[in-house]
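We have chain A already, so just place chain B on it with the hints.
If you read the protein sequences in the order shown, they are chains A and B. If you want my numbering, it's the 1-based position in the first sequence plus 2. If you want my numbering, it's the 1-based position in the second sequence plus 241.
Please note: incorrect hints may appear among the correct ones.
[Unchecked claim] Simulated crosslink set (DMTMM-like; lysine to aspartate or glutamate; CA at most 20 Å straight-line): (1) K33/A to D281/B; (2) K33/A to E129/A; (3) K313/B to D73/A; (4) K131/A to D73/A; (5) K33/A to D15/A; (6) K33/A to E43/A; (7) K74/A to E129/A; (8) K74/A to D281/B; (9) K33/A to E245/A.
Since the hints were derived computationally from the structure, they do not count as laboratory data. Given the structure is predicted, the values throughout are model-derived calculations rather than measurements.
Residues per chain are reported as follows:
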Amino acid sequence: MSTPHEGRGEHADPHLQHHFQSMAQQYDSGKFGMWLFLVTEVLLFGGLFCAYAVYRANHPEIFAYAHQFLDKTLGGLNTLVLIVSSLTMAMAVRCAQLGQQRRLKQMLAATLLCACVFLAVKGVEYEHKWKHGLLWGTRYTSQEAAPAAAAAPATEAPAAIAAPADGGTTLPHAAAGPAGLAAEPQTGHGAGAHGGHGPAGPAPRNVHLFFGIYFVMTGLHGIHVLAGMIAIVWLLRRSAAGEFGPEYFAPVDFVGLYWHLVDLIWIFLFPLLYLIH
Amino acid sequence: MSKHQEGPAYAHVVPVRTLLGVFGALMFLTVLTYAVTYVDLGALNIWVALGIALVKGTLVALVFMHLLWDRKFYAVVLVSALLCVMIFIGIALLDSGQYQADLIPNFAPGITLRC
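Extracted from the complex, chain A is given alone in its bound form:
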């Protein structure tokens, strides 16, 4: 079973589909298909990065102000967690290639655990933002106090966000759209708010734009982490059945590629959202 040099054809490997000549050919086709899928993912996130770039280039003061409400340390922690998970995933691929069944399962489980930690930390961050009304569009609650004070129990904030939650808002949600942009004072760009790093100065207008971008980008990324977790559970089940080895490890390899891409996207999201100077 684990004799090397037997990747080639004729020899009916149960995992070789009839329309492929050899395991090598099947593997290459699968890999090419996976890369094409990853490219569509790059383009999907590319559109969001484009939205980010356009808003940030034209309204730097919003980003300079609003990023102070994000927790750099939690974001950094999540970056480290994802890098660890990438390492364990790469190790899992290696173990599958070498037929190390026990370590393969351990590495997959470790990756899954890291993914859980990532989502848990993300959940803590989201909850904090929800509490303080740091949300998108009309759900955004103006933060008159400085970010430091935002940690203190705010008495009005919950009431303010509770109202729209009842569906009682009379304002169209589209107010988050072009109107906000057009309302931006055109002369404000070079003004003091830009680059302010210490205590938050006066809030610029349309801060909700930042949180809209933040939630869409990290939310879509989070959905990808979830999808990756489902794929890893699937791999775990199959590896428990001992299906993977030197002749057949393609699924582990391909889920690995996907997982690394999700890590790669976070590598760009982290500095762009959390580490604005």
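The following block gives chain B in isolation, referenced to the frame of chain A:
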């Protein structure tokens, strides 16, 4: 480098040492990108952050994603997608930069402003 020692006949097995080396580099660069935000480089800050992210991304793609050892065609596929995204963002930035001056403040028909 003993390719035929064990493992599959049609794929490269990355040595543990290489994986750990890349992992260490990624950890270091993450701490570095965090630390560098406390240094005021003015407009350069974002480019430093993006540069570090690019180095990290390249490491992940080359080693963790096996691009270094796989056939180069996969790298061509990825890089061409990234080029498309960069052209897309570049043109969108040029365009939106051009029309900013023509926006009419507070003019957005049919939309009620709240903030």
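Each hint, compared with the structure:
no.: 1; hint: K33/A to D281/B; verdict: violated (44 Å)
no.: 2; hint: K33/A to E129/A; verdict: violated (39 Å)
no.: 3; hint: K313/B to D73/A; verdict: violated (40 Å)
no.: 4; hint: K131/A to D73/A; verdict: holds (10 Å)
no.: 5; hint: K33/A to D15/A; verdict: holds (19 Å)
no.: 6; hint: K33/A to E43/A; verdict: holds (15 Å)
no.: 7; hint: K74/A to E129/A; verdict: holds (16 Å)
no.: 8; hint: K74/A to D281/B; verdict: holds (17 Å)
no.: 9; hint: K33/A to E245/A; verdict: holds (19 Å)
In this structure, the hints that do not hold are numbers 1, 2, 3, in rising order.
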